[in-house]
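There are 2 protein chains.
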Amino acid sequence: MNLLVPSSDFADLLAHSDDTQITNILCKSAPADAAEALLALPTAEQVRVLRILPTSDAARLFEYWPTEAQARVLHALEKLDHRTTGILLDAMAQDARTALLEKLPPQVCARLVDFLSPAERNAALKLLAYPLDSVGRLMTGDFLTVLDHWNAADVLRHIRNHGHGIETVHVMFVIDEEGRLLDDLRIHDVLLSPLDRAVHEIRNGSLTFLQATDDQEAAVLTFQKYDRTVLPVVDGEGMLAGIVTVDDIMDVAEEEATEDIHKLGGVEQLDDPYLEMPIFRLIRKRASWLVVLFLGEMLTATAMAYFEGEIVKAVVLATFVPLIISSGGNSGSQAATLIIRAMALGELQLRDWWRVIRREMISGLVLGLILCAVGMMRITAWAMFTDIYGEHWFLIALTVGFSLIGVVLWGTISGSMLPFLLRRLGLDPATSSAPFVATLVDVTGLVIYFVIAGYVLRGTLL
Amino acid sequence: MNLLVPSSDFADLLAHSDDTQITNILCKSAPADAAEALLALPTAEQVRVLRILPTSDAARLFEYWPTEAQARVLHALEKLDHRTTGILLDAMAQDARTALLEKLPPQVCARLVDFLSPAERNAALKLLAYPLDSVGRLMTGDFLTVLDHWNAADVLRHIRNHGHGIETVHVMFVIDEEGRLLDDLRIHDVLLSPLDRAVHEIRNGSLTFLQATDDQEAAVLTFQKYDRTVLPVVDGEGMLAGIVTVDDIMDVAEEEATEDIHKLGGVEQLDDPYLEMPIFRLIRKRASWLVVLFLGEMLTATAMAYFEGEIVKAVVLATFVPLIISSGGNSGSQAATLIIRAMALGELQLRDWWRVIRREMISGLVLGLILCAVGMMRITAWAMFTDIYGEHWFLIALTVGFSLIGVVLWGTISGSMLPFLLRRLGLDPATSSAPFVATLVDVTGLVIYFVIAGYVLRGTLL
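Chains as they are written, first to last, in the working numbering: chain F, 1 to 462; chain L, 1 to 462.
One chain only, chain F, in its complex shape (with noise of 0.2 Å):
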């Protein structure tokens, strides 16, 4: 939006102007912007451009970048020089240093954080200690901490002295002299007050905070219900270990969100833009779960053979098959999608189950009845006009319409209530997704069909 020169003219530029030149452009981009041209170059010209920047300018770029070309760069970068490989890492930001090296291979995470000067190493170590999506690993150290009995005064000289190259700091911490988390204090409040007066009558005294060893799912939540863009993080004692800022936060609620739609089509989690993905690993994540079904879906293969009696003395009866399990499987689908969104906004725990299962009855029942109408409908308006379904159409009519009812009544339910089990046993719920939950109803839908047709059509066609 705000690029001095578009990125496609970037490489032209970049050829044509000396290191002075292309420092002043960059930095005077926005750094979003300044990083996306600069990853449209090769690899070669990536490394020389982030060696003539300065330090923490190259490193705000590079946070910006996909970890697959991050890790491209560094490759490179390793090769040619230690030295500027660790400077550029001990410069990034604490989180999305973590964010880069928990993805990396154990090996090369390793040999890179030896690179890290001694402080850095430390903090990088501590960070990755917290568990896989648990708050810690959102965590940065760039903030500014203050001290109850300072003054209004005393808190600005500090920013003053210790506030350059802190990403945060219209909102800094609170601590008492161990290190323990006491409130937060917005630096409007601070600026709002005559300069003698005290920490503690400034700040408000309702503090919110997160947990590091919270997960991830759970700090979005926090987020969202008291409108923060940054929180303060403590460890088990309440000291304050970090800060999550709403950034990073915004990652996590759009990856979850991703994870949730991909179980929900039926595919494995995808860690990379689909664009970039490697087409066979592509395919891998696909054909896991397309085969699993495929095998639960054999099963109606079963299930068809030990009806094939009833088949060849009514043709008609599989005629109808794909109908009627497929309005199973919508309805199916449906439920499973409404339940597993609203657990993962947090609507539903797990002690509601018995109010969606009412729910889902009455749903189930009624809309059951809708497609039984319409069903009962096409067919008798076929029946009237053509010969199709013989002297027995209205048993036929009948047949399907009471399974309808019961393959849709059997499908909400079922696609309402996996979700809860897989909760209840610790899984996650969108893996019912809604493929399984149709492969589920499938099945059981036509065992429901053929046992009413063999009720209905009893004396007739069967």
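Keep in mind the hints are simulated off the structure, nothing from the lab. None of these values were measured; they are calculated from a predicted model. Mixed in with the good hints, there may be bad ones.
Copies of the same chain are indistinguishable here, so a pair counts whether it falls within one copy or spans any two.
Said to hold, decoys possible - For lysine-lysine, the following BS3-like pairs were computed, each having C-alpha atoms within a straight-line distance of at most 30 Å:
| no. | residue 1 | residue 2 |
| --- | --- | --- |
| 1 | K103 | K126 |
| 2 | K28 | K225 |
| 3 | K225 | K285 |
| 4 | K285 | K313 |
| 5 | K103 | K285 |
| 6 | K126 | K225 |
| 7 | K313 | K28 |
Put chain L on the given structure of chain F with help from the hints.
Then chain L, alone, in the frame of chain F:
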């Protein structure tokens, strides 16, 4: 997390406290917690508490509530006391007020707007004039502007004089004398500058902004790309029209993900949380799509009837129908899900269709070959140990295997291309839900299957 009183005891406490105590407790808690506690009370009690609290605190708690609760309280309050209603609405943040007003019935919205003070009424009507789902609807006027020739001391004095009650102070906006947006200015940079340095020397000259008529989805991508917590919004003339904050953007992102997930599951978008939705509205949201899919799926009955002759001759063909069509449906929903999510994340544009179709043709072929192998092995194994498939079992296995390749390939291609087609037509790609793709593929899958059967089994079973 930090409410002074757990919300279950809050009703109790309220009954035994005087007004000052209630005010004290609520104003000391985090607003989100106080709002939650208050939300659990009966409407009459809510109205009573809101009237006790200082207006700005009342408005802040009120803003956190879901629309339904807000509407209920406003309705009760309005009957009691027009003045307080106006004061409460006046005190609301503009973005929260727009979000409430736009969801109310037009006549209620018009009546409530009349209660506002002239200045706020003007602002409210201006915001509501922006198109639904545009950035304009998310804007608030709750920020400070500064002039380019001011120095750091002027800015700090301006904050002291005008910063009370302003929510966003950590970023200010530099405008010229006509109100045109020049840049943003971080309080951070002001605090680190000498007091006599001019604003135009402090600000970094790289400006990111939104247009008021931009789609909210585009705003989400901009916030994520630039990692911002607040962005300015300009109108068609480049005048600063308002700001948008990241908490609203997170809500938009969440709503959009929910909408996409619901659509993918074949449900119309719900406006309320699952459990709060009246059951018959919930059923209606599901029935429409379910009936549409059902009508589409009726074509399978027509197709099956067309091939009834083949089924009569070889009933065994019917037993594989669910397996074949569900494999097509599953691979189709996988492809559709991947493409729809990649589009929503801005990873795929319309022009990428050609790259996608090449990838999906390879994927579909490989996945089809895998299922073909599994399916043929299954039939071979059964044929070894039973005579369920008769003497022509290998031809049946071939029919099923070829059909699986064809159906999976076709499912993958149509699942991946349908979102592009919908987007090209100006529709939401997410409409090509998993059930929609499955239905489409079911009908064509049947045709593929029986045509292949006709070729392979001619002269033997058919």
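Hints and how they fare:
1. K103 / K126: Answer is within: at 16 Å inside a copy they meet the 30 Å cutoff, but 47 Å across does not.
2. K28 / K225: between (36 Å within a copy, 17 Å between copies)
3. K225 / K285: between (34 Å within a copy, 27 Å between copies)
4. K285 / K313: neither (43 Å within a copy, 40 Å between copies)
5. K103 / K285: within (18 Å within a copy, 41 Å between copies)
6. K126 / K225: Both ways: K126 and K225 sit 29 Å apart in one copy and 28 Å across, limit 30 Å.
7. K313 / K28: neither (80 Å within a copy, 77 Å between copies)
Checked against the numbered hints given earlier, this structure breaks hints 4, 7; the rest are met.
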